[in-house]
Amino acid sequence: MNLKRASLFIGVVLVAAIAGVLGGLIFTSKPSNNAVAQSVSANGSQNGVAVSGEGWVLVKPDLLRFNVGVTLKAATVTDAQKQTADKMDVITAALKAQNIKDEDIQTSGYSVNPNYIYNQGQSPILDGYNVNSTIAVTVRDLNKAGAILDEVGKAGANQIYGIAFGRDKEIDLIKQARVSAMADARTKAEQLSQAGGFTLGGVINVTEIGASRSNDYAKDQMVAMPSGGGDTSTTIQGGQFKVVVNVQVTYAIK
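Under this note's numbering, residues 7 to 260 are what the sequence shown spells out, in order.
If you are wondering where the hints come from, they were derived from the structure by calculation, not from laboratory data.
Hints are not guaranteed to be accurate.
Calculated pairs, DSBU-like style, for lysine-lysine (alpha carbon to alpha carbon, straight line, at most 35 Å) [what the hints assert, rightly or not]:
no. : residue 1 : residue 2
1   : K102      : K150
2   : K107      : K248
3   : K93       : K181
4   : K160      : K175
5   : K107      : K150
6   : K102      : K88
7   : K79       : K107
8   : K88       : K160
9   : K79       : K102
10  : K150      : K88
11  : K107      : K93
Start from the sequences, fold in the hints, and give me the full structure.
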């Protein structure tokens, strides 16, 4: 064997050896499994497998939040503000009569805007002012939620929106979902280690992608209030909602 052939042979062997080593360190799975083995770096050289995990808790709500307010028009800003303030005082009194505490009533919006009449070919004509005032309300007794909505309507509210159910101690639900998400990630990683023929090590890195809720109802949907003084009976269905936590976990490959 001459020198050129010997060099070529050695080069081919080295390339094949390097390819074999690299091939032994890379594992992949279908994208739908949300798990991909990769080279990661806790210390710049450790190999690992990254998987996603999802955990969730399905619960019934124990409170209701909504925004309620009025929009009124008057010839002057002062008149519009006074009329709006008077209406909001009546609405607040109606809420307190239903045992809504001060800490569960909070101003959520206030605006003053001029109102114009537009005629073709003419300059806009000022036609009074619109004042909007809203408060955010938390109802902690869902059995009274429908009656409370009825009462604020009778008190003069012409806007109700942002109805959303929740739990008083929702952070506890997030903690439960987080534990489930980590368990889900571990299960996926163990399945990959069995299928790939490698030994799973400890956790190298964890990233929480975020916590979310599955059915935060119509936060921006306006609810029209009935006009007139007829009796109303609003029915509120709390149903259930899901608290979801997603994580990305990387495990070492031994």
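We went through each hint and held it up to the structure:
{"no.": "1", "hint": "K102 - K150", "verdict": "holds (13 Å)"}
{"no.": "2", "hint": "K107 - K248", "verdict": "holds (28 Å)"}
{"no.": "3", "hint": "K93 - K181", "verdict": "violated (42 Å)"}
{"no.": "4", "hint": "K160 - K175", "verdict": "holds (32 Å)"}
{"no.": "5", "hint": "K107 - K150", "verdict": "holds (14 Å)"}
{"no.": "6", "hint": "K102 - K88", "verdict": "holds (21 Å)"}
{"no.": "7", "hint": "K79 - K107", "verdict": "holds (30 Å)"}
{"no.": "8", "hint": "K88 - K160", "verdict": "holds (19 Å)"}
{"no.": "9", "hint": "K79 - K102", "verdict": "holds (26 Å)"}
{"no.": "10", "hint": "K150 - K88", "verdict": "holds (30 Å)"}
{"no.": "11", "hint": "K107 - K93", "verdict": "holds (19 Å)"}
Consistency note: the structure conflicts with earlier hint 3 alone.
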